Every structure is written in C-alpha cells, then in structure tokens.
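One line per chain: the protein sequences are B and P, in this order.
Residue 1 is where the first sequence starts when you use the working numbering, and the numbers rise one by one after that.
Residue 248 is where the second sequence starts when you use the working numbering, and the numbers rise one by one after that.
Chain B residues, not near chain P, derived (Cβ > 10 Å throughout):
id, residue
1, Glu9
2, Pro47
3, Thr67
4, Arg70
5, Tyr127
6, Glu188
7, Thr199
8, Glu207
9, Arg211
10, Lys215
11, Trp233
12, Met240
Quick partial rundown of chain P residues pointing at chain B, CB under 7 Å, derived from the structure:
id, residue
13, Thr392
14, Ala403
15, Thr414
Please keep in mind that the hints were generated in silico from the structure rather than gathered at the bench.
These numbers come from a predicted model, not from an experiment.
For every residue, glycine included, the Cβ atom is placed at its ideal position computed from N, Cα and C.
2 protein chains.
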Amino acid sequence: MNEGMMMQETLARVRIVLVETSHPGNLGAVARAMKTMGLRDLVLVNPRCAVDAEALARASNAAEVLTGARIVSSLAEALADTVLSLACTSRRRDLPHPAYTPRQAAPRLLAQTVQGPVAIVFGSETYGLSNEQLALCRWLLNIPTNPDYASLNLGAAVQVVAYELRTTLADHALVLPEFAAATHAEIEGVLGALTEVLTERGFYNPERPQRLLPKLRRFFARAGLEKEEVAIWRGILANMRQPARKD
Amino acid sequence: MNEGMMMQETLARVRIVLVETSHPGNLGAVARAMKTMGLRDLVLVNPRCAVDAEALARASNAAEVLTGARIVSSLAEALADTVLSLACTSRRRDLPHPAYTPRQAAPRLLAQTVQGPVAIVFGSETYGLSNEQLALCRWLLNIPTNPDYASLNLGAAVQVVAYELRTTLADHALVLPEFAAATHAEIEGVLGALTEVLTERGFYNPERPQRLLPKLRRFFARAGLEKEEVAIWRGILANMRQPARKD
Numbered sequence: 001m002n003e004g005m006m007m008q009e010t011l012a013r014v015r016i017v018l019v020e021t022s023h024p025g026n027l028g029a030v031a032r033a034m035k036t037m038g039l040r041d042l043v044l045v046n047p048r049c050a051v052d053a054e055a056l057a058r059a060s061n062a063a064e065v066l067t068g069a070r071i072v073s074s075l076a077e078a079l080a081d082t083v084l085s086l087a088c089t090s091r092r093r094d095l096p097h098p099a100y101t102p103r104q105a106a107p108r109l110l111a112q113t114v115q116g117p118v119a120i121v122f123g124s125e126t127y128g129l130s131n132e133q134l135a136l137c138r139w140l141l142n143i144p145t146n147p148d149y150a151s152l153n154l155g156a157a158v159q160v161v162a163y164e165l166r167t168t169l170a171d172h173a174l175v176l177p178e179f180a181a182a183t184h185a186e187i188e189g190v191l192g193a194l195t196e197v198l199t200e201r202g203f204y205n206p207e208r209p210q211r212l213l214p215k216l217r218r219f220f221a222r223a224g225l226e227k228e229e230v231a232i233w234r235g236i237l238a239n240m241r242q243p244a245r246k247d
Numbered sequence: 248m249n250e251g252m253m254m255q256e257t258l259a260r261v262r263i264v265l266v267e268t269s270h271p272g273n274l275g276a277v278a279r280a281m282k283t284m285g286l287r288d289l290v291l292v293n294p295r296c297a298v299d300a301e302a303l304a305r306a307s308n309a310a311e312v313l314t315g316a317r318i319v320s321s322l323a324e325a326l327a328d329t330v331l332s333l334a335c336t337s338r339r340r341d342l343p344h345p346a347y348t349p350r351q352a353a354p355r356l357l358a359q360t361v362q363g364p365v366a367i368v369f370g371s372e373t374y375g376l377s378n379e380q381l382a383l384c385r386w387l388l389n390i391p392t393n394p395d396y397a398s399l400n401l402g403a404a405v406q407v408v409a410y411e412l413r414t415t416l417a418d419h420a421l422v423l424p425e426f427a428a429a430t431h432a433e434i435e436g437v438l439g440a441l442t443e444v445l446t447e448r449g450f451y452n453p454e455r456p457q458r459l460l461p462k463l464r465r466f467f468a469r470a471g472l473e474k475e476e477v478a479i480w481r482g483i484l485a486n487m488r489q490p491a492r493k494d
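Okay, chain B solo, but in the shape it has when bound (with noise of 0.2 Å):
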C-alpha cells in the first residue's frame, strides 16, 4: 500500500460528527472542509435543518459527502463503534475532560485510528454541546483563538482540524498503541453493567441519581479502557451479582 493510500485510510476513520446543525450552509461548508482533506465519514445528529438546495450549493463538489450522511437520532448512536471520541468546544475549564489543541490530539488521535473509528463532534451553532453530550467525549478539542473573539464558524472550525489531521499525517510516522481500544459501546456497557449492579445493590437510587453515574462515566472516559479491561470488568461486575460465597 503505498503512503497516498495509507493517508486515505486513515483520513477515511476520522468521522465528522455535527449535533442539532440548524443552518444548511453550515452543512455544505462542512461537507467541502472535509473532502479537501481527505475525510469523508459524516454522521448529523437531530439536524435542525434539511439538506436542501443551500446545502449542497455550498457543498460544491463535495455534496456526496452530505448526501452520504448517516443521521441518527443519539449522539451515543453516532459514537457506538468508534474508539476515541473529541468534543470540539471553546469551554475548557469547567470541565474534568482531559483538552487538547488540535496540534496536541492529532499524532494521538490518528494512531488510534489502526483501531477502529475516531470521531470529533461539534455541536450546535448557537447553543454547543450540552454536558450529557461532552460526558460521552473521551477528550476535549479546544481550537486556540483569539481571546477577544472566538467564534469560529462551524464550517471553519471542521476546516481547520481537518487540516491539521491531513497534515500532521504528512509529517509524521503514526506511533501506534500497544494495545487493543475498547468503542464507545463497549465501554457504556460496562458503565450499564456497574449501574446495574450498584442499583441492585442498594448503592445506586435511579430516584436520587446525584452526580454518580456522569463522573463514574467520566472516570472511564479518561481512563480510556482497553478491550482487555472490558473483558475484567464484565467479569467483576457479574461476580458482584452472584450471592457472596459462604466459606
């Protein structure tokens, strides 16, 4: 496989999530950002808006990015399969996620890609992400900006990273992990699994749920698990449901 090739592999496992979109140009200006990079894996959640007319005028040449869209009604059904997921956002501070720039995630987020699918979401225009949706995220992107004005037009923001994807691959020899990387579902089965057990055992009330469940999810998000330790922590998590052995 020669090294035009192996970009477009790699670039083709880096998926653009866009959440509750509500202007069609922002599609379009997506959909071409994307294609004059290489990447092509487009998923709308809940889009407020249609791919219509504006949408694919301003997609140019690049509409079957946008007509090739998978929409789905989750942000979790977007992130089912893949094994590192970055929430695009100007918050940084008021978060526990570990943030990057988009020249820290790159090298790091395009070796994981040998794993399986990686994803960057970016919220709505007006509103962003809400917190439910930056729990499901694995790290935060923070694209640098000028303090005095920060607002990145989305189109301009998925340009950017996508850019500093391609070239970074450009540059450099992936280092790739060592070990095998859970997806997304596989980990929210074992936080399914906990939850289970906890409630079962009287430690978790579903009717008081405090902040329990968001920081054990976010415990496991940036812990960032294995496939090996899903595998332990089903099997710690079915021995919690067993009665204790009386010895």
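Take the given structure of chain B and dock chain P to it, following the hints.
For chain P alone, coordinates are given in the frame of chain B:
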C-alpha cells in the same frame, strides 16, 4: 510586554491581501477567519464586488476588519512596505519559486515580522493569481489538500493559514533573523534601476522584452535582499551609468 500582547503585535503585522475577489460572502468569511485568529490587516486589490450587506453579515462580529480594509489598485501597492510576501496557490511545479506548506512557512514568516509587515496573497476565486502577480511574491504557499479535490474556499484557505500562524506562534519561540530585510519597494527600486541601465546599454530592449525582467525579478525575490545589499546594488548600478573611466 506580556506574551498575549507580543502575540497580538506579531499577528497585527501579518497582512492578508485579496486580489480581485468576486464574492461578497467570501470577503466576510475572510474577515471573520482573520479576527478569530487575531489578524486584522486586510488589503483588497481591485475587488470585483462591494463590501455590501452580505459581506458584513458573513463577517459577523468581525465587520471592523472589513470596513477597515485598505483598497488599492495593484498588488505592487499592496506589497510595497512588506519585507516578505507569500502567494497562496495550488500551483507548484511550473514555477521556480520556493514553495512551502503553511506549517513550514509559519515560523519563517513570523520571524520576519520583527522587520516589518509580511503579506500572504490570495488570488481570485475563479482565476487565482496571474504569472505576473506570482512573480511579485517571494515564496509560494501550498496548503496540502486531497489531490482529488483541492478546491479550498477562499475563507477556508485564510482560516487554515491564520490558524497555522497563531498555533505556531503559541508553540514556538521565534528565531529572529540576523539581517535587516529590504522592503518590496526597495527591491523593486533595484530592479527598476537595473532595467534602466540595461536598456541604456542596449542589453535589454523593451520592444522585445522576452523573459529577461521576470527572470531577474525571480532571482532577486528568491534571494531575499537585505537592506545593505540594496545599497550595494544601488551603488553598482549608479556606477554603471557613468562613462567608463579611461586611465
């Protein structure tokens, strides 16, 4: 001067020059892209459209970059006081200029700002830059793109370059050049004087120009004249206009 102020002053010396732009929306997108990254010096060469309501709407809260833009009638005028100029183009092989990616060019370009303004020149949406316009610029800037679809929107191209400059500035200490760079106008002055001498001496015939002047311009552009060298060349050329001494 703190780090934020130094960054602000450095980026203020990076000029964006748009040649014969035809879409008002692109003017607005460029202004917004510039301001998000801290750039504010915009020069329009023979714009083919007005700074109208559409332009201002797309500029959003960066309208002052657009209303403060200088409008000039030639690229030479836009570059006159600059100490370095880069032409953003997807062309490469057919031109003898040194060509850099934004990542390669950014540290060199930023280092030159201590000597005076630097410019990045973007051609019209339809025609790009002419050979004559390219010949006025010192280096080419090639944004790496998907070879199957290199059609970067004007606003997107400015966004990528401005992002690269801001990120490079945040990540690296600048390596300052050790010489005093000549301005574009000083270099043009040398070329003008050289042309006069060569014409007087019959070496150059303006009726049959062939490729002599473009070749000389490229030579001087590639070399990147220092102020001291401008003085030396001025001396040499003044000397050549006098009759040869008979000893």
